[in-house]
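For reference, the chains in residue letters:
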Amino acid sequence: MAVHTSQSVVKAAGENTARGRSRGTGTPPPTPGRLRRALSVHWYAWAMVAPVVVVIGVIIGYPLVRGIYLSLTDADERNVARSIGVNEIPATYEFIGADNYVDALTGSQFLGTLGWTLVWTVSCVSITFALGMALANILNRRIAGRSAYRMALILPWAIPGFVSVFAWRFLYNEERGLLNKILGGAGFDAVPWLNDPTWAKFAVIAVNVWLGVPFMMVALLGGLQSIPSEQYEAAEMDGATAWQRFRHITLPGLRPVSTTVILLSTIWTFNMFPVIFLLTRGGPGEATQILVTQAYKFSFEISPRDYAQSSTWGVLILVLLMVFAVVYRRVLRSQGDNW
Amino acid sequence: MRRGITATALVAALALAATACGSDDETGSKSSGELSGTVTWWDTSSVGSEDKVFKKLAEGFEKKHPKVDVKYVNVPFGEAQNKFKNAAQAGDGAPDVIRSEVAWTPDFANLGYLAPLDGTAALKNQDDFLKQAVASTKYEDKTYAVPQVIDSMGIFYNKKMFEEAGVEAPADLADLKTVAKKIKDKTGKTGLYLRGDDPYYFLSFLYGEGGDMVDAGSKSVTIDKPEGVKAFKAVKELVDDGTAKTDASDGWENMMQAFKNGDVAMMINGPWAVADTLTGSEFTDKDNLGVAPVPAGSAAQGAPQGGHNLAVYAGSKNLDASYAFVEYMTSVDSQATAAGELNLLPTRTSAYAKKEAVDSEIVGFFKPVVETAVERPWIPEGGSLFEPLRIEYTKVLTGQTTPEKAAKATGDSYRKLLKDWK
Chain A
1 MAVHTSQSVV
11 KAAGENTARG
21 RSRGTGTPPP
31 TPGRLRRALS
41 VHWYAWAMVA
51 PVVVVIGVII
61 GYPLVRGIYL
71 SLTDADERNV
81 ARSIGVNEIP
91 ATYEFIGADN
101 YVDALTGSQF
111 LGTLGWTLVW
121 TVSCVSITFA
131 LGMALANILN
141 RRIAGRSAYR
151 MALILPWAIP
161 GFVSVFAWRF
171 LYNEERGLLN
181 KILGGAGFDA
191 VPWLNDPTWA
201 KFAVIAVNVW
211 LGVPFMMVAL
221 LGGLQSIPSE
231 QYEAAEMDGA
241 TAWQRFRHIT
251 LPGLRPVSTT
261 VILLSTIWTF
271 NMFPVIFLLT
281 RGGPGEATQI
291 LVTQAYKFSF
301 EISPRDYAQS
311 STWGVLILVL
321 LMVFAVVYRR
331 VLRSQGDNW
Chain B
1001 MRRGITATAL
1011 VAALALAATA
1021 CGSDDETGSK
1031 SSGELSGTVT
1041 WWDTSSVGSE
1051 DKVFKKLAEG
1061 FEKKHPKVDV
1071 KYVNVPFGEA
1081 QNKFKNAAQA
1091 GDGAPDVIRS
1101 EVAWTPDFAN
1111 LGYLAPLDGT
1121 AALKNQDDFL
1131 KQAVASTKYE
1141 DKTYAVPQVI
1151 DSMGIFYNKK
1161 MFEEAGVEAP
1171 ADLADLKTVA
1181 KKIKDKTGKT
1191 GLYLRGDDPY
1201 YFLSFLYGEG
1211 GDMVDAGSKS
1221 VTIDKPEGVK
1231 AFKAVKELVD
1241 DGTAKTDASD
1251 GWENMMQAFK
1261 NGDVAMMING
1271 PWAVADTLTG
1281 SEFTDKDNLG
1291 VAPVPAGSAA
1301 QGAPQGGHNL
1311 AVYAGSKNLD
1321 ASYAFVEYMT
1331 SVDSQATAAG
1341 ELNLLPTRTS
1351 AYAKKEAVDS
1361 EIVGFFKPVV
1371 ETAVERPWIP
1381 EGGSLFEPLR
1391 IEYTKVLTGQ
1401 TTPEKAAKAT
1411 GDSYRKLLKD
1421 WK
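One line per chain: the protein sequences are A and B, in this order.
1 is the number of the first residue of the first sequence in our numbering; add one for each residue after it.
1001 is the number of the first residue of the second sequence in our numbering; add one for each residue after it.
Certain hints may be false.
27 angstroms max Cα-Cα, derived DSSO-like pairs, lysine-lysine [as the list claims (entries may be wrong)]: (1) B/Lys1189 to A/Lys181; (2) A/Lys181 to B/Lys1260; (3) A/Lys201 to B/Lys1405; (4) B/Lys1408 to A/Lys201; (5) B/Lys1182 to B/Lys1236; (6) B/Lys1416 to B/Lys1405; (7) A/Lys201 to B/Lys1236; (8) B/Lys1367 to B/Lys1055; (9) B/Lys1160 to B/Lys1367; (10) B/Lys1182 to B/Lys1260; (11) B/Lys1055 to B/Lys1286; (12) A/Lys201 to B/Lys1233; (13) B/Lys1408 to B/Lys1236; (14) B/Lys1184 to A/Lys181; (15) B/Lys1160 to B/Lys1260; (16) B/Lys1052 to B/Lys1071; (17) B/Lys1419 to B/Lys1138; (18) B/Lys1055 to B/Lys1067; (19) B/Lys1260 to B/Lys1055; (20) B/Lys1124 to B/Lys1064; (21) B/Lys1142 to B/Lys1219; (22) B/Lys1063 to B/Lys1052; (23) B/Lys1067 to B/Lys1317; (24) B/Lys1138 to B/Lys1422; (25) A/Lys181 to B/Lys1186; (26) B/Lys1317 to B/Lys1056; (27) B/Lys1181 to A/Lys181.
With beta-carbon atoms standing in for the labels, derived distance ranges [claimed, not checked]: (28) A/Phe166 to B/Glu1062: 30 to 38 angstroms; (29) B/Asn1261 to A/Phe166: 18 to 26 angstroms; (30) A/Glu94 to B/Gly1093: 25 to 33 angstroms; (31) B/Asp1333 to A/Ala91: 44 to 52 angstroms.
Worth flagging that the hints you see were computed from the coordinates, not collected in a lab.
By construction, the Cβ of each residue, glycine as well, lies at the ideal position given by its N, Cα and C atoms.
Please work from the sequences and hints to get the whole structure.
Put into structure tokens, the structure is as follows:
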């Protein structure tokens, strides 16, 4: 059941990208006249969409503008407006320009955290992609109990993230966790999973990979199924080896799907708050703190809460991701992909 | 919720009209003599032991004032500060009364979240309170909380394991090392569990070397002085030579389990941990739990003074009932009950004369410890000093930084936090 629905979603996504391709190469660029015609024909649709646009503007646009504004001030818990019972305390924070950005970009904290965030994102995405690709290829063959395997591999995706993370936390517990019990039984020393900076980094990446593989696998499986089997047959007739078939048919055939999932997964992993926060809270020390968890910490965990610095980091995260998305698209386009 | 408030207001208005008292609201409802409405209380005591006793106490208040409904909510200690701040700032969902850790009180007061209590029913027989306990409740010459319990820290040890190893409670760090070694040799267990994720458990080592986080008197940061570096070195040595086990996550849980199950012989802890400790399999015989002063460092022997206050939210819709509730919960009888059932230390001098307190060995042990405990700086930033220290403390224990660098980094963060301090 779950397998079926997930597959159809991915297939739809695959078709979308395929359509995008043909739109770019096949049809002429849209002219203003066409747009006006579309408006006059589809005014009803536009009217129906308008409320959504307004709501999105209010719930995304306003906080965004407000966040950018706060990042240019020295707002913290003590000087923002608040009402306590009958007391109304007015805001006394001031506009300080780009000072917060200068502090963030010249200090070691932001750059240090950014460094680990990049390592975390790149390793998570590449490992998840490799594993997802391997599993998708295995499950794309006709093997006995294929749907049972697919079910089992989807499971991490079906469990709410925080439940899995807490389960992992129990497994990782140095004194009483199952992992160390098993290692102990085999005669190994206990591993300080969450108490040693290097192991903690390994631990958070492992959990995130575990959580991310099902999505990759399902997406790539959908992609694999959209590759016409005639291509493989033809290649086999020509005497291509399995590796050659993978290299020259599977990989190019998966391109529309894989570029999309890599982009998505990079953005998600970059901002993967729950895994880090619930597993290590950024610790030990600050070893696993990524940009979002640190921004959260400024805004909710320290006292007085530093709203200005938190929003500065938030804006910087947004800018980084936007730059990444644009560059990524450029690179793809230069390689012949149009989307 | 809103209807409840309206009803409360209506009842209050009626009461006011009935007494036909010409004075202002506050004295009006007071003179009516009957308190009514709902008092929501956020308790932060540990679930399974302390919460039961406090809940029962709160129900006693309802019996005394039948028209008051006490809504008892247990909020985990680790979350309470944040939760209260969120609610108080939003102006919605904050409790009427909160059990505030001593360091939180000046912070909350400074942010305007607490109601001043001077001259209200909350403060009765003020002179009876221990002087150290009162210190944390004052902010800018006003009183913002009433002390509920006071505490300090000591070494909790497993008497059976000590006998087996033939050792006595250690007096200083050198002693601690030899004791731990003997325990390891005789029983195969680790000597001490040292929480690595909470710098509060580092304070006695810091004081032991003659250091402190800051000096509020001269407005200077002291953590990065040589004493601070020595303290970081001391804890690192304990972990490196195997005297102590440590951790960077789930510290409380791991420490309690290890001690309760007899995996370690000692832990540094306070009276708040007694009730929980006694539920452990090693302590079915209560007498197996020994308590001793924290080990002395090279300069002194010092444990931090801690405790909890009860504070009233400035936005409470039911201030009078809240004041009365705070008074009741901090009364001599309530404190004696907590001392008798939970071994918690009263903040009122006269409560120590009560039979319950006299009978408790733990209270008897900690009373003099509290009297000599090191007071923390009662400044709004007092609670904020821990986060930078936590990061560096954990880094030292997990080998990510050196004691020197850790002391310097903590000091730098403090100077950023405390503007204009040396």
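Checked hints:
1. B/Lys1189 to A/Lys181: 17 angstroms, holds
2. A/Lys181 to B/Lys1260: 19 angstroms, holds
3. A/Lys201 to B/Lys1405: 22 angstroms, holds
4. B/Lys1408 to A/Lys201: 25 angstroms, holds
5. B/Lys1182 to B/Lys1236: With Cα atoms ~20 angstroms apart, lysine 1182 of chain B and lysine 1236 of chain B stay inside 27 angstroms; holds.
6. B/Lys1416 to B/Lys1405: Judged against 27 angstroms, a Cα distance of about 17 angstroms means the pair holds.
7. A/Lys201 to B/Lys1236: 22 angstroms, holds
8. B/Lys1367 to B/Lys1055: Between lysine 1367 of chain B and lysine 1055 of chain B the Cα gap is close to 25 angstroms, so the pair holds against 27 angstroms.
9. B/Lys1160 to B/Lys1367: Holds, at about 25 angstroms.
10. B/Lys1182 to B/Lys1260: 20 angstroms, holds
11. B/Lys1055 to B/Lys1286: OK: lysine 1055 of chain B and lysine 1286 of chain B at ~24 angstroms, within 27 angstroms.
12. A/Lys201 to B/Lys1233: 26 angstroms, holds
13. B/Lys1408 to B/Lys1236: Answer holds: lysine 1408 of chain B to lysine 1236 of chain B is near 16 angstroms, not above 27 angstroms.
14. B/Lys1184 to A/Lys181: 21 angstroms, holds
15. B/Lys1160 to B/Lys1260: 13 angstroms, holds
16. B/Lys1052 to B/Lys1071: Given that 27 angstroms is the threshold and the Cα spacing comes to 14 angstroms, the pair holds.
17. B/Lys1419 to B/Lys1138: 21 angstroms, holds
18. B/Lys1055 to B/Lys1067: 18 angstroms, holds
19. B/Lys1260 to B/Lys1055: 25 angstroms, holds
20. B/Lys1124 to B/Lys1064: The given pair, whose Cα atoms are some 17 angstroms apart, holds under the 27 angstroms limit.
21. B/Lys1142 to B/Lys1219: Given pair lysine 1142 of chain B, lysine 1219 of chain B holds - Cα atoms ~21 angstroms apart, limit 27 angstroms.
22. B/Lys1063 to B/Lys1052: 17 angstroms, holds
23. B/Lys1067 to B/Lys1317: Measuring from Cα to Cα gives roughly 15 angstroms; hence the hint holds.
24. B/Lys1138 to B/Lys1422: 24 angstroms, holds
25. A/Lys181 to B/Lys1186: Measuring from Cα to Cα gives roughly 24 angstroms; hence the hint holds.
26. B/Lys1317 to B/Lys1056: Measuring from Cα to Cα gives roughly 24 angstroms; hence the hint holds.
27. B/Lys1181 to A/Lys181: Answer holds: lysine 1181 of chain B to lysine 181 of chain A is near 25 angstroms, not above 27 angstroms.
28. A/Phe166 to B/Glu1062: 30 to 38 angstroms: Since the Cβ atoms of phenylalanine 166 of chain A and glutamate 1062 of chain B sit about 36 angstroms apart, the hinted range of 30 to 38 angstroms holds.
29. B/Asn1261 to A/Phe166: 18 to 26 angstroms: Holds: the Cβ-Cβ distance is about 22 angstroms, inside 18 to 26 angstroms.
30. A/Glu94 to B/Gly1093: 25 to 33 angstroms: 30 angstroms Cβ-Cβ, so the 25 to 33 angstroms window holds.
31. B/Asp1333 to A/Ala91: 44 to 52 angstroms: 45 angstroms, holds
The structure fails none of the hints (numbered hints given earlier).
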